[in-house]
Every structure is written in C-alpha cells, then in structure tokens.
Amino acid sequence: MTKDPYLSNLELGQPDKTFLDSNELIINMGPQHPATHGVLRVILKLDGEKVLGTECVIGYLHRGVEKIAENRTYTMFNPYVDRMDYVAAVSNGLGYCEAVEKLMNVQAPPRAQYIRVILTELNRIASHQLWLGTHALDIGAMTPLFYTFRDREEILKIFEKYCGARLTTHAFRIGGCQYETYEGFEQDVKNYVNFLPPKIDEYEELLTTNRIWVERTRNVGKISAADCKALGVTGPVLRASGVKWDIRKALPYAAYPEFDFEIPTGTNGDTYDRYMVRMAEMRQALRIIRQAVERIPEGPIMAKVPKVMKPPVGEVYHSIEAPKGELGYFIVSDGSTQPYRVRVRPPSFVNLQALDVMVRGQLVADVIAVIGTLDIVLGEVDR
Amino acid sequence: MVTKLKRQYGSGVREANTYLGQNYLVLEPSIAHEVLQVLREQEEFEYCVDLTAVHYPQREKQFDLVWILYSFAHNQRLRVKTMIADGEAFPTSVEIWPTTNWLEREVYDMFGIHFEGHPDLKRILLPDGWKGYPLRKDYGIIQQDQEWVRINLGIESGQ
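Protein sequence lines correspond, in order, to chains A and B.
Per my numbering, the very first residue in the first sequence carries number 1; after that it's consecutive.
Per my numbering, the very first residue in the second sequence carries number 1; after that it's consecutive.
Be aware that a few hints might be false.
Straight-line Cα separation of at most 25 Å, DMTMM-like style, residue types lysine to aspartate or glutamate; simulated pairs [what the hints assert, rightly or not]:
1. A/Lys249 x B/Glu46
2. A/Lys249 x B/Glu44
3. B/Lys122 x A/Glu66
4. A/Lys190 x A/Asp201
5. B/Lys61 x B/Glu28
6. A/Lys67 x B/Asp128
7. A/Lys67 x B/Glu88
8. B/Lys61 x A/Asp334
9. A/Lys67 x B/Asp86
10. A/Lys67 x B/Asp64
11. A/Lys222 x B/Glu95
12. B/Lys137 x A/Glu66
13. B/Lys81 x A/Glu70
14. A/Lys310 x B/Asp64
15. A/Lys67 x B/Glu156
16. A/Lys244 x B/Glu44
17. A/Lys244 x B/Glu46
18. A/Lys310 x B/Asp138
19. B/Lys61 x A/Glu70
Everything labelled a hint here was simulated from the structure, so no lab data went into it.
The shape of chain A in the complex, shown without the other chains (with noise of 0.2 Å):
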C-alpha cells in the first residue's frame, strides 16, 4: 500500500495488521462513484458496515473560478459564476450580481427585481427537483427520478424561451436584465405555478408514506442544530435541525420582502426532515411565484450603469439563499475595471464538511443516502 496523505486522519497504524487484529478497514468510494454526484472521493474507516471516519477529497473539478475573476472585467466574469453551483445557475448569478450593484450603489428597476425573483424561484424548484430524482435514485427509488426529470424539463424550457439557454443561464445582468420577457412568459409561468403541485402530490404519494424510503431515511444522518450552526451548515439541512433561518427573511434581498411565504422547518434534523423540508420549500418557491407573476410591475428592466465599471474602492459581502444554502460574494474593489478578489462562499463546500459528523456511527450504507440529502454540487465544492 502506497502512503497516502488522507489516511492519516483515520488514525490507522499498519493497514494489515488493523485488518488481522479486527475488523476495521479502509474503503475507497470514489471519486468516480454514480453516488457521489460528481467527482468526489470519500475515505471510509469501517468497523463492519460501521463508519468509523470518513475524510473527503476534493478538488477534482477545481478551475480557479476566483483566480479568473481578478483577470475579467465586472462584466466579464457573470457568465462564469454559472458554472459553479450548474444546478442552480440563476441563483449564482442573482448573488453576484446584487453584490456587484452593492458595490457600485446601483438599485435593479422593480420590474427587474420581480423577474429576478421569478426564475431564482422556478430554479431553486429545479435544483430540488433534481436532487429528488437523484437522492431517491441512489436509495434505490427509481420512479421519482423520471417524475422530476419530466416536471423540471418545463422549467428548463421557460428558462430557454427567455434567454436561450437551460443549465448555464446567465440570466441576469449588474443592474437588472438583458432581456425582457418574451410574449407569454407571464401564461407559461401562471401555468406552470398550477401544473407542479398535483405532481409534488405525486413525489410524496411515492416517498413520503413509503415503508422502505421511510426505513432508509428516518433517523438516519441526524445532526442537532448546535452543530449545524458550529459548522456553518445552512440552507433546508439547517432549517431541517428546527432553526428557521432564511437569508431571504432574516437578511432580505431583491423583492422579497413584498412576499408572503413560509420559512418549512423539521425538528430531527434527520435525512427524512431535510426531505419533508425541501418538500415544503417547493410548494413555498409556487406561492412566491404566484404573487410575483400576478403584481409583476411594468417598467424599464435595467438601471443606469456605465459601460465601463469601476465601482469604487471598497469591500462588500453579500449572500443570499441559494437552493443549498448561503451562497455569499466577498468582492473586494480597487476602483478599476477588474475585480481585486473575487471570493464566493460556496453551501456546498462548507456543508460537505459536516458528512463526517452525520455518517460516524452509521452504516456504510447511509453514507450514501447522507451524500445525497446534503445536496451538493461539486461545480460548486471545487470551484
């Protein structure tokens, strides 16, 4: 056995002798494994089929997101914050650029603000349409998986008739958007907001009562609220533990303020509340975008800001909440066109970390359904 530099965490002396004197050992899941969704490497200490430790490599999709960003202009960099967190690339891109219209004191038009709103909603419901399907998939539900995909693809084709494209959106623009809604949008979304929730009905006919999800998911990669916070874990894993804490509540941005929603929360904190919660949330997302849709106001869809940007010298943070958690952009400015350091505060990478204390006493089993429920993006993980 080579020496690795990630077993030494593990606390494993001579690999064969562990293995003669008990039944402890090392196993390798990843970082090409269906169940890690994307290229992430899990060490496993095993006792049995108990998990011992776990310690995750990443990096595997690292391309310097931050580095590129001190070489583009504001401008040019929005197009690449889509491709962090690529499940949820309208939410990435709401952050940056509210943070960038921070910087400069520039206010998005009303009519940009509700926009915004929109399709941030419609995708933090494709992102939990995705991991649904997904979650569900690696459990061994395989219907759910087709039923989100079929509803989701709606999403994406309202994504696509307003900006040509589905994943990748870039959506947004510093000071508003690019684009006006083309004709129909507000029918497409109208119908879309009464179309999803017989089929959410559907989701949970198929889950929410089933015997064996319910085995698979109830109590199982349970975290208290207390470590949630000492972690930094946040978004529906947090508010699944019973802390009702949401960016768009507790720290408004955009519209939200003018909506009427509810911040669903779990007690457990186990892989069955975070799924409930999420549950909840897509309903939540239908309401904010019902009332959004219905009191869209008219008017221009783009502040005033130069061609040019150099916003002037200074320091922002600013987050919001994305379908993962709080997804935050430290820019740091120093009055030229090129941001001085761009850093993103990525849910995922942060919430990643807290799989070691919800697998540690569990079955190598639930290590898999613990991946799944956290919801991460290793886009979004590596960077």
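Use these hints to put chain B onto chain A, whose structure you have.
Below, chain B without anything else, positioned relative to chain A:
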C-alpha cells in the same frame, strides 16, 4: 459592543466602521485571535460564515485575513479583518468555529498562510505536492506547476 472592545483593547482595535451598511472591525494581529474568541463567547457570533484572505504584495503586511461572522441572536453580520506578513503564522480558530477547518485549509492552499495549531493543515483543492499558491498576486493566471503535471499526468503541459 465596539465601545466595550475599544475600552478593553485600546488601540488594538484599529478601525470600527460601516461601509455600505456593513459593519467591520480592523484588528491588530496580536489581539485578533482573542477578540474572535470574545465575539464567539460574549457577543454570540456563533456562525462563522466565511474566512478568506486578500493579497497586497506592495504592502509590508501582505495579507488581509477576513472573517465574516453572523449572530443568529442579533441577526447581525460582522466582518473582522487583520493584517499579517508573508511567512507569519496565525493561530487557528478551529476550536472556536469547527467550520474554519476547511476554510483555513483553503486559505493555506491558495495563499500559503499557516494556521498554528490546525489539526490537519494540508492542501484541499489543489493536489498535494503542488508548488505555489495560486491566489497570490504574483502567481500568473496561466501559470501551473509543470513538474507536477509532467510527473502525475504524463503530459508536457496542461494548457
């Protein structure tokens, strides 16, 4: 809070200000670690949102270390900043906020800043054995560790 800190640490608190509605503190590196502890324990900043660094090569103290903290109890965000020189180590905050474990590893990976007492300080995003720290300003955007690429990937260049 600021007056309390100023009373206790005097000129160690170099700046306490608000820019664009965001509060920040600039601290002397000698007291920074202690103040972080105080913020966690007495001011209820129980969530460390982010830790990062910024490189200013022309300065004597080349690096800004930036913590972004949040308090659930007061619904407040705070940025804490301190400056350290190249090669200088800073005490780890892993025992204050466990989340800084990976964040400090990333800062080490990208800037080469050492955190004293970190349980497992090694590269996180780049491969082990990589030379150089990419987010330093003197590291070019297309620069890469050719030797590592040759040995590990068996190709002349990754570009």
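Subject >> Satisfaction of hint between glutamate 44 of chain B and lysine 244 of chain A, Cα-Cα up to 25 Å >> reply: holds (17 Å)
**OP:** For the pair we were handed, lysine 67 of chain A and glutamate 88 of chain B, check the Cα-Cα distance against 25 Å.
**Re:** holds (23 Å)
Original post:
Is lysine 67 of chain A within 25 Å of aspartate 64 of chain B, Cα to Cα?
Top reply: Holds - the C-alpha atoms of aspartate 64 of chain B and lysine 67 of chain A are around 17 Å apart, at most 25 Å.
Original post:
Given the proposed pairing of lysine 81 of chain B with glutamate 70 of chain A, does the C-alpha separation stay at or below 25 Å?
Top reply: holds (21 Å)
Original post:
Is the Cα-Cα distance between lysine 122 of chain B and glutamate 66 of chain A 25 Å or less?
Top reply: Answer holds: lysine 122 of chain B to glutamate 66 of chain A is near 20 Å, not above 25 Å.
Original post:
For the pair supplied as a hint, lysine 67 of chain A and glutamate 156 of chain B, is the alpha-carbon distance within the 25 Å limit?
Top reply: holds (23 Å)
Original post:
Does glutamate 44 of chain B lie within 25 Å of lysine 249 of chain A when you go C-alpha to C-alpha?
Top reply: Given that 25 Å is the threshold and the Cα spacing comes to 20 Å, the pair holds.
Original post:
Quick one, are lysine 249 of chain A and glutamate 46 of chain B close enough, alpha carbons at most 25 Å?
Top reply: Between lysine 249 of chain A and glutamate 46 of chain B the Cα gap is close to 19 Å, so the pair holds against 25 Å.
**OP:** Below or equal to 25 Å on CA atoms is what counts here, so check lysine 137 of chain B against glutamate 66 of chain A.
**Re:** Holds - the C-alpha atoms of glutamate 66 of chain A and lysine 137 of chain B are around 12 Å apart, at most 25 Å.
Original post:
Given the hinted pair lysine 67 of chain A and aspartate 128 of chain B, is their alpha-carbon gap at most 25 Å?
Top reply: Holds. Lysine 67 of chain A to aspartate 128 of chain B sits at ~19 Å (cutoff 25 Å).
Original post:
lysine 61 of chain B and aspartate 334 of chain A: Cα distance at most 25 Å?
Top reply: holds (18 Å)
Original post:
Are the Cα positions of lysine 244 of chain A and glutamate 46 of chain B separated by 25 Å at most?
Top reply: holds (15 Å)
In terms of the numbered hints stated before, the structure departs from none.
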